[in-house]
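With these hints in hand, go ahead and build the complete structure from the sequences.
Line order of the protein sequences matches chains A and B. Each residue of the first sequence is one higher than the one before, counting from 1 in my numbering. Each residue of the second sequence is one higher than the one before, counting from 266 in my numbering.
Derived by calculation from the structure, the hints in this document are not laboratory data. Note that the structure is predicted; figures quoted are calculated from it, not measured. The reader is advised that the hints may include incorrect statements.
[Claimed, not checked] To give a feel for the contact side, a few chain B residues facing chain A, derived at Cβ under 7 Å:
1. Leu319
2. Arg340
3. Phe348
4. Phe354
5. Gly366
Beta carbons: idealized from backbone N, C-alpha and C, even for Gly.
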Amino acid sequence: MKRLALQAGCIAITLFMAVPLYLIALAAFSSRESLNRFPLPLLPTDFSTETIQGFLGSTGVVPAAINSVMVGLSTVILALLIGVPAGYALARYAFRGKQPYQLFLLLTRALPIVVLSVPLARIFLASGLYDTTYAVTLLHTALALPTTVLITSAVFVAVSPEQEEAAQIFGASPLTAFVRVVMPQALPGIAAAAVFTFVMSWNEVLGASILTLNQRTLPAQVLATLSFSPLAYRFAGGFALVVPALVFIAIMRKYLLNMWGTTLR
Amino acid sequence: MSRIVLRNLVKTYPGGDRRATDDVSLEVAEGEFVVLVGPSGCGKTTLLRMVAGLERPDAGTVHIGDRDVTGVSARDRRVSMVFQSYAIFPHMRVRQNIGFGLAMRGVPRDEIARRVADAANLLDLSGYLDRYPSQLSGGQRQRVAVARAIVVDAGVLLMDEPLSNLDALLRLQFRAELKRIVQKIGTTTLYVTHDQAEAMSLGDKVAVMRDGRIAQIGAPLEVYDRPSDRFVGGFLGAPPMNFFPASVTDGPTLSVGNLTLEAPPSLATLAGQQVTVGVRAEKLAVSATQADGFHPATVEVVEPTGASVLLTVAFGGHELKVQAPPTFETRPGDTIWLRTDPQSLRFYDPETSLALSPGPGVIDAPQS
Chain A
1 MKRLALQAGC IAITLFMAVP LYLIALAAFS SRESLNRFPL PLLPTDFSTE
51 TIQGFLGSTG VVPAAINSVM VGLSTVILAL LIGVPAGYAL ARYAFRGKQP
101 YQLFLLLTRA LPIVVLSVPL ARIFLASGLY DTTYAVTLLH TALALPTTVL
151 ITSAVFVAVS PEQEEAAQIF GASPLTAFVR VVMPQALPGI AAAAVFTFVM
201 SWNEVLGASI LTLNQRTLPA QVLATLSFSP LAYRFAGGFA LVVPALVFIA
251 IMRKYLLNMW GTTLR
Chain B
266 MSRIVLRNLV KTYPGGDRRA TDDVSLEVAE GEFVVLVGPS GCGKTTLLRM
316 VAGLERPDAG TVHIGDRDVT GVSARDRRVS MVFQSYAIFP HMRVRQNIGF
366 GLAMRGVPRD EIARRVADAA NLLDLSGYLD RYPSQLSGGQ RQRVAVARAI
416 VVDAGVLLMD EPLSNLDALL RLQFRAELKR IVQKIGTTTL YVTHDQAEAM
466 SLGDKVAVMR DGRIAQIGAP LEVYDRPSDR FVGGFLGAPP MNFFPASVTD
516 GPTLSVGNLT LEAPPSLATL AGQQVTVGVR AEKLAVSATQ ADGFHPATVE
566 VVEPTGASVL LTVAFGGHEL KVQAPPTFET RPGDTIWLRT DPQSLRFYDP
616 ETSLALSPGP GVIDAPQS
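As structure tokens, then:
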């Protein structure tokens with residue numbers, strides 16, 4: 001009985017996630033006319049790439065997608081470069097101001113971007129970074145850092161310091177001990193932080209809209225053109241926004257399973 | 266193989282209100298097995314970590330062999346260590362775990378393979394070399410940790426409570442095995458434990474620590490038989506040593522409550538003084554019937570342990586633990602008879618708790 005309820009719950013959650021994805025994929029791969037038909041068929045009866053081609057063909061979409069990928073990957077790299085050492089320091093060392101530091105990290109997420117937008121735009125205008133992907137990358141890195149730092153520090157806490165000490169006793173330098181012993185074990189968690197960061201950057205629209213005019217990321221581009229676009233464009237845009245995040249998660253899945261699964265393979 | 270010489274080691278942890286080790290000096294001869302034993306917080310692990318190079322002493326020096334290694338980092342000390350949590354690497358197979366130290370030192374591949382095979386053989390791990398630690402039992406993981414430590418052939422082997430995470434039965438088994446292995450390889454060993462039975466059974470020497478200092482160091486039986494203070498007598502041995510107050514009267518005899526016990530002749534120098542008498546539970550002779558030289562005691566608790574019967578008795582107004590033969594039959598409330606052999610009594614100053622030396626031949630001066 002309990003088992004049954006559990007399975008029912010799993011199915012419900014799966015449907016909750018999968019049905020919208022299915023519907024949007026269905027709409028994105030239907031012809032323009034079939035979208036206006038009523039009732040809409042729930043099975044892919046007339047498969048067509050017309051809608052998605054139309055979307056990809058519209059002005060600014062492909063450059064915006066490239067921008068999004070660039071910003072996403074740069075944000076991941078930058079956030080990891082800064083966040084992983086910070087997470088390690090939080091996990092391993094007791095230092096003055098450690099608690100306030102952790103709290104402060106979270107506080108950066110407490111300010112809405114709308115509030116920050118004017119000063120941010122001003123700073124980027126003054127520094128000449130306005131309307132570049134760098135500006136968006138910097139903003140996204142700032143937004144992603146708290147989660148990166150907190151996730152990686154939780155991961156490093158899970159690797160006992162005794163393992164690092166053991167590595168050093170047996171002849172490893174502190175750096176070698178970190179690379180050979182800590183990193184391999186922290187990789188799943190770091191991958192999770194990377195996924196989180198990439199998806200966050202890919203989906204972030206407000207900051208990207210404010211800081212760019214011509215160098216839009218995909219969500220900003222779609223948002224800018226959404227109000228005066230046909231229905232088909234919206235479905236295709238939605239699909240294009242969802243897919244890369246799903247692909248990225250699928251690639252990182254192996255590491256995520258390692259983190260949450262019971263065994264290391 | 267190298268000897269270890271520690272001189273006047275002082276260490277206070279940041280934020281600690283007292284010294285973790287307080288001016289400790291200790292010498293471990295080449296090939297000797299010394300056990301540091303004491304209650305938690307006594308500084309034994311700190312001392313070990315300073316030998317390993319994982320802690321820096323505030324003052325004092327550490328010599329390994331003839332080299333002063335006080336300022337040398339852990340990896341350049343050429344020591345080997347077994348950690349309490351095993352600290353084996355979960356992402357490496359057993360083979361890589363054991364060979365880690367050799368790989369770090371740039372030993373050629375075929376030699377690593379050979380030495381890992383030897384060590385695995387010695388610890389019954391030959392069939393598990395390609396497994397990951399998560400596929401091993403706790404006992405096997407501990408074997409991996411020991412194999413990793415002995416394979417590098419370091420001059421000094423350090424062990425930090427290596428058996429404390431094993432269950433009781435396994436601990437007993439592995440204890441004997443560990444002793445056999447260490448005897449075979451003959452490395453200088455410093456071993457930390459809070460388990461007095463482990464300390465007694467493993468060490469060539471036992472150093473009992475308390476509050477950052479070594480209270481007594483010596484051969485296990487000597488420390489057991491002649492504790493230098495009440496703390497050591499109470500810490501080593503199960504049950505702990507019995508202590509009760511007595512006054513020395515001319516003769517010399519000891520008066521305990523309304524009883525008068527025979528005392529060693531050398532105690533005459535302390536006539537008229539109060540002493541604390543210490544006696545081991547198994548050094549008390551028990552009789553069910555009255556006999557010459559025996560004194561009455563009332564049985565309070567009877568605990569059969571199989572090999573013997575542990576009695577808690579009231580003797581001259583004090584509670585004592587007495588170890589009787591397994592065949593000895595008695596019940597709570599019975600009166601039994603005890604004889605205290607004057608030679609097996611130890612005497613302590615009631616004020617300082619330190620062993621008294623009332624003349625030669627009774628108690629040697631405590632070593633420190």
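Results of checking the hints against the structure:
no.: 1; hint: Leu319; result: 5 Å, holds
no.: 2; hint: Arg340; result: 5 Å, holds
no.: 3; hint: Phe348; result: 5 Å, holds
no.: 4; hint: Phe354; result: 6 Å, holds
no.: 5; hint: Gly366; result: 4 Å, holds
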